[in-house]
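With the hints as your guide, set chain L onto chain Z.
The listed protein sequences correspond, in order, to chains Z and L.
For any residue, its number in this note's numbering is found by taking its place in the first sequence, counting from 1, and adding 1181.
For any residue, its number in this note's numbering is found by taking its place in the second sequence, counting from 1, and adding 1181.
No lab work stands behind these hints, which were simulated from the structure alone.
Quick reminder that beta carbons are idealized off the backbone N, C-alpha and C, glycines included.
Mixed in with the good hints, there may be bad ones.
As the list claims (entries may be wrong) - Computed from the model, here is a short list of chain L residues facing chain Z with C-beta under 7 Å:
1. Gly1342
2. Val1403
3. Pro1412
4. Ala1417
5. Ser1420
6. Ile1427
7. Asp1428
8. His1431
9. Asp1454
10. Met1458
11. Ser1459
12. Ala1461
13. Gln1478
14. Leu1480
15. Gln1481
Claimed, not checked - Calculated cross-link-like contacts (lysine-lysine; reagent style DSBU-like; alpha-carbon spacing at most 35 Å):
16. Z:Lys1409 - L:Lys1295
17. Z:Lys1476 - Z:Lys1442
18. Z:Lys1211 - L:Lys1492
19. Z:Lys1214 - L:Lys1512
20. Z:Lys1452 - L:Lys1452
21. Z:Lys1498 - Z:Lys1392
22. Z:Lys1498 - Z:Lys1211
23. Z:Lys1284 - Z:Lys1392
24. L:Lys1492 - Z:Lys1369
25. L:Lys1492 - Z:Lys1243
26. Z:Lys1409 - Z:Lys1211
27. Z:Lys1243 - Z:Lys1214
28. Z:Lys1512 - L:Lys1498
29. Z:Lys1512 - Z:Lys1468
30. Z:Lys1492 - L:Lys1468
31. L:Lys1492 - Z:Lys1196
32. Z:Lys1295 - Z:Lys1409
33. Z:Lys1492 - L:Lys1492
34. Z:Lys1498 - L:Lys1244
35. Z:Lys1476 - L:Lys1211
36. L:Lys1512 - Z:Lys1211
37. L:Lys1211 - Z:Lys1492
38. Z:Lys1369 - L:Lys1392
39. Z:Lys1409 - L:Lys1369
40. Z:Lys1214 - L:Lys1492
Protein chains: 2
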Amino acid sequence: MNTNLPTSLQALNPKAAHTCLGIENFITSKLQKSLSGTVLLVALSGGVDSSALLIILTCLAKKSGFTVKAAHFNHQIRHESDAEEAHAQSLCNALHIELLTEKADVCTYASENKLGLEEAARILRYEFLESSRVSIGADWIVTGHHANDLAEDVVMRLIRGTGWPALGGMEAICNNRRILRPLLMTPKSTLISFARSSSLIWCEDASNTDKNFLRNRVRTEVIPLLCKENPAFLEAITSLWELAQIDSDHWAAIIDQHLDKTDFEQPVLLKEDLNSMSLATRLRMYKAVLGSMGKGQPLQHNLLALDAAWKANVGGKVVQFPGNKIATIRKGSIYFSYR
Amino acid sequence: MNTNLPTSLQALNPKAAHTCLGIENFITSKLQKSLSGTVLLVALSGGVDSSALLIILTCLAKKSGFTVKAAHFNHQIRHESDAEEAHAQSLCNALHIELLTEKADVCTYASENKLGLEEAARILRYEFLESSRVSIGADWIVTGHHANDLAEDVVMRLIRGTGWPALGGMEAICNNRRILRPLLMTPKSTLISFARSSSLIWCEDASNTDKNFLRNRVRTEVIPLLCKENPAFLEAITSLWELAQIDSDHWAAIIDQHLDKTDFEQPVLLKEDLNSMSLATRLRMYKAVLGSMGKGQPLQHNLLALDAAWKANVGGKVVQFPGNKIATIRKGSIYFSYR
Chain Z
1182 MNTNLPTSLQ ALNPKAAHTC LGIENFITSK LQKSLSGTVL LVALSGGVDS
1232 SALLIILTCL AKKSGFTVKA AHFNHQIRHE SDAEEAHAQS LCNALHIELL
1282 TEKADVCTYA SENKLGLEEA ARILRYEFLE SSRVSIGADW IVTGHHANDL
1332 AEDVVMRLIR GTGWPALGGM EAICNNRRIL RPLLMTPKST LISFARSSSL
1382 IWCEDASNTD KNFLRNRVRT EVIPLLCKEN PAFLEAITSL WELAQIDSDH
1432 WAAIIDQHLD KTDFEQPVLL KEDLNSMSLA TRLRMYKAVL GSMGKGQPLQ
1482 HNLLALDAAW KANVGGKVVQ FPGNKIATIR KGSIYFSYR
Chain L
1182 MNTNLPTSLQ ALNPKAAHTC LGIENFITSK LQKSLSGTVL LVALSGGVDS
1232 SALLIILTCL AKKSGFTVKA AHFNHQIRHE SDAEEAHAQS LCNALHIELL
1282 TEKADVCTYA SENKLGLEEA ARILRYEFLE SSRVSIGADW IVTGHHANDL
1332 AEDVVMRLIR GTGWPALGGM EAICNNRRIL RPLLMTPKST LISFARSSSL
1382 IWCEDASNTD KNFLRNRVRT EVIPLLCKEN PAFLEAITSL WELAQIDSDH
1432 WAAIIDQHLD KTDFEQPVLL KEDLNSMSLA TRLRMYKAVL GSMGKGQPLQ
1482 HNLLALDAAW KANVGGKVVQ FPGNKIATIR KGSIYFSYR
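Bound-form chain Z, shown alone (with noise of 0.2 Å):
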């Protein structure tokens, strides 16, 4: 490994300085969030979008007042998983970043759950960063989503159905699993210059190209259309991300501020406060009541029925929702209880 890495703003050349400027820039800016005094935990794949997070959040550290340190989970499903971890000791030791890895057996938790290689080894990879977070004292487990994989993401979305804001992609911050995505407006382009003009030397993930999986065929074959058509697909794709979480914003007020009241051993949402809102405002609301009672997705023509039946008032009606949940109406209030 390359031991003249850049560890500081001033190492690299104007454009890579201003790159890391920009990340910086969208997570105090964009996500108001300060990282000062905090542990940023990467998860270091080795390939090249989580390489370059490293070095860029190693060169912000002094400057934005943060300490890095990564972890690798050898996943031990390809011939190069060995490799791939070798090259993220090396990576961590030229940068003198602490490094915590684990090996797992990937494909045997694959057969005994019944789940598919990529979905066992997506559980055991963050159930490994979840543990190391913890152990290392980290406020943040750091990955390199960029804004390609978020085209990506919106498109998957799209193919496979869901609401808004949902639609807009991943988000940038996940409190409750304690995961920062700061390359999320970055182009994976922007990240390989970064990586070049750096001297950064990565591990190319050949299940990337597997035509198996549905992210692959998306990126393969349907993003380069939607790019042709539009050169500024990804720039339309952030823009329309950013929308997504202003709507976020507005509607978790809107929603926590009736949460609040609720019990939440039994739930209602009482007759007053569904007739001064909107259908709109009215299905988030159950799907936030539901989503509080633990496992099970309502589905969209369920929370419809839901709406229909509590529209035309019928006193003791039952809607049944997964997860055994069910909600009844009573006298123009719903109380969701478990079957």
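Same frame as chain Z, but now just chain L:
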């Protein structure tokens, strides 16, 4: 032309009758629109969509209590244009429907106004449809846009970049333009089945396969990939559309409530109102006020810049918008005017 075309629900086979009733249900239940006593003017190209629409509405006319008329615009841009007009005429004769027709020189209009041929045709066609609607006293112009058109529209909006709820696609009712799209939830395949079972003959528009048009590339290249990933992709799109309409109603009510208080000559958003709004609401309010002031679409970053200036409370700060519109911040309120 087959003179045994069905003109009543009773003349249809059960599946075709079911298609008709589903469309009637969409109008009355989802759109909550009664068409009883109205006159509908079908925009009839002679293709399968609008021809099926004409028969469907003819079969529903008695039950729903509306009158059906038709209008055909002869673009004269293809060899088949006159044959298509003759076809539309014989279809209307067979169904005993009054048909209005007009020929126009689209090519000259396009070159004189420096427009693309498709754009010029669209403008002249809608001018003709609206003047026909007024001249025969029809309530609505009814078009054959179906669920596949909707999916193309959503994908094109995603490609070009847009906000929400616009991303959900075209409206089923356009009150300003008096346009109704009752087939918007109906897949094209259902219309073709309907047409075949009615022994309908229709004209294929050769320009529908012309790859020079974005819409055709989306139809033939992008949508098939999305449908391959999710065979229920059209349903995902119509579900998304429904959520978009619900949100559209929500925001329209909020905007109307505030705009009601505003003087349209000199629109103002008052400090106390702005303070009570979320960013999501404020951005939509700025857009609505600027929209009410005439031509010129504000860009997302213009709207965000205005909000940032308002938040920073920069007294006297002027933000410029397309169409010579300006917004001035004074004592926490925003005053809109022309440059």
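Hint check:
The criterion of a C-beta within 7 Å of any C-beta in chain Z is met by Gly1342 (chain L), whose closest approach is roughly 3 Å, and the hint holds. A least Cβ separation of about 5 Å between Val1403 (chain L) and chain Z falls short of the 7 Å threshold, and the interface hint therefore holds. A least Cβ separation of about 11 Å between Pro1412 (chain L) and chain Z goes past the 7 Å threshold, and the interface hint is therefore violated. Hint status for Ala1417 (chain L): holds, given a least beta-carbon distance of 3 Å to chain Z, under 7 Å.
A distance limit of 7 Å between C-beta atoms decides the matter here; for Ser1420 (chain L) the minimum to chain Z is near 5 Å, and the interface restraint holds. For Ile1427 (chain L), the shortest C-beta to C-beta distance to chain Z is roughly 5 Å, which falls under 7 Å, so the interface hint holds. Because the closest C-beta pair between Asp1428 (chain L) and chain Z is about 5 Å apart, less than 7 Å, the hint holds. Here the hint on His1431 (chain L) is kept, as its CB sits about 4 Å from the closest CB of chain Z, short of 7 Å.
Contact between Asp1454 (chain L) and chain Z, as hinted, is not supported at the beta carbon level, the nearest pair being about 16 Å apart and thus beyond 7 Å. For Met1458 (chain L), the interface hint is violated, the least distance from its beta-carbon to any beta-carbon of chain Z being 9 Å, above 7 Å. For Ser1459 (chain L), the interface hint holds, the least distance from its beta-carbon to any beta-carbon of chain Z being 4 Å, beneath 7 Å. Restraint check, Ala1461 (chain L) versus chain Z: the minimum CB separation of about 4 Å is within 7 Å; hint holds.
Because the beta carbon of Gln1478 (chain L) sits about 14 Å from the nearest beta carbon in chain Z, more than 7 Å, this interface hint is broken. The restraint placing Leu1480 (chain L) at the interface with chain Z is violated, with a minimum CB-CB distance near 9 Å, outside the 7 Å limit. At about 5 Å, the closest approach between the beta carbon of Gln1481 (chain L) and any beta carbon in chain Z falls short of 7 Å, and the interface hint on this residue holds. The hinted pair formed by Lys1409 (chain Z) and Lys1295 (chain L) meets the criterion: a straight-line CA distance of about 25 Å does not exceed 35 Å.
Straight-line distance between C-alpha atoms of Lys1476 (chain Z) and Lys1442 (chain Z) comes to about 22 Å, which keeps the hinted pair within the 35 Å bound. For a cut-off of 35 Å, the pair hint linking Lys1211 (chain Z) to Lys1492 (chain L) stands: about 14 Å separates their Cα positions. For the given pair, Lys1214 (chain Z) sits about 29 Å from Lys1512 (chain L) by alpha-carbon distance, which is consistent with the 35 Å threshold. A C-alpha spacing of about 32 Å is found between Lys1452 (chain Z) and Lys1452 (chain L), which places the hinted pair at or below 35 Å, so the restraint holds.
This hinted pair does not check out: Lys1498 (chain Z) and Lys1392 (chain Z) have alpha carbons roughly 47 Å apart, beyond 35 Å. Annotation: proposed proximity of Lys1498 (chain Z) to Lys1211 (chain Z) is violated, straight-line Cα distance about 45 Å (limit 35 Å). Between the alpha carbons of Lys1284 (chain Z) and Lys1392 (chain Z) the distance comes to roughly 26 Å, so the proposed pair stays at or under 35 Å and holds. Of the pairs offered as hints, the one joining Lys1492 (chain L) and Lys1369 (chain Z) holds, with about 33 Å between alpha carbons and a cut-off of 35 Å not exceeded.
For the hint pairing Lys1492 (chain L) with Lys1243 (chain Z), the CA-to-CA distance comes to about 30 Å; that is within 35 Å, so the pair holds. A threshold of 35 Å between alpha carbons decides the hint, and for Lys1409 (chain Z) with Lys1211 (chain Z) the separation of about 29 Å falls inside it, so the pair holds. For the given pair, Lys1243 (chain Z) sits about 16 Å from Lys1214 (chain Z) by alpha-carbon distance, which is consistent with the 35 Å threshold. Annotation: proposed proximity of Lys1512 (chain Z) to Lys1498 (chain L) is violated, straight-line Cα distance about 52 Å (limit 35 Å).
Restraint check for Lys1512 (chain Z) and Lys1468 (chain Z): satisfied, since their Cα atoms lie roughly 21 Å apart, inside the 35 Å limit. Pair hint Lys1492 (chain Z) plus Lys1468 (chain L) holds up; C-alpha atoms about 32 Å apart against a cutoff of 35 Å. Taken as a hint, the Lys1492 (chain L) and Lys1196 (chain Z) pair is honoured in the structure, with Cα atoms around 31 Å apart against an allowance of 35 Å. Proposed proximity of Lys1295 (chain Z) and Lys1409 (chain Z) is contradicted: the alpha carbons are some 39 Å apart, above 35 Å.
Restraint check: the Cα-Cα separation between Lys1492 (chain Z) and Lys1492 (chain L) comes to about 39 Å, which exceeds 35 Å; the hinted pair is violated. Taken as a hint, the Lys1498 (chain Z) and Lys1244 (chain L) pair is honoured in the structure, with Cα atoms around 32 Å apart against an allowance of 35 Å. With a C-alpha separation of about 30 Å, the suggested pair Lys1476 (chain Z) and Lys1211 (chain L) falls inside the 35 Å cut-off, and the hint holds. About 26 Å separates the Cα atoms of Lys1512 (chain L) and Lys1211 (chain Z), which keeps this hinted pair within 35 Å; it holds.
For the hint linking Lys1211 (chain L) to Lys1492 (chain Z), the alpha-carbon distance of about 14 Å falls within 35 Å, and the restraint holds. A threshold of 35 Å between alpha carbons decides the hint, and for Lys1369 (chain Z) with Lys1392 (chain L) the separation of about 30 Å falls inside it, so the pair holds. Between Lys1409 (chain Z) and Lys1369 (chain L), the direct Cα distance comes to roughly 27 Å. Compliance with the 35 Å bound is thereby established for this hinted pair. Of the pairs offered as hints, the one joining Lys1214 (chain Z) and Lys1492 (chain L) holds, with about 18 Å between alpha carbons and a cut-off of 35 Å not exceeded.
When held up to the earlier numbered hints, the structure conflicts with 3, 9, 10, 13, 14, 21, 22, 28, 32, 33 and fits the remainder.
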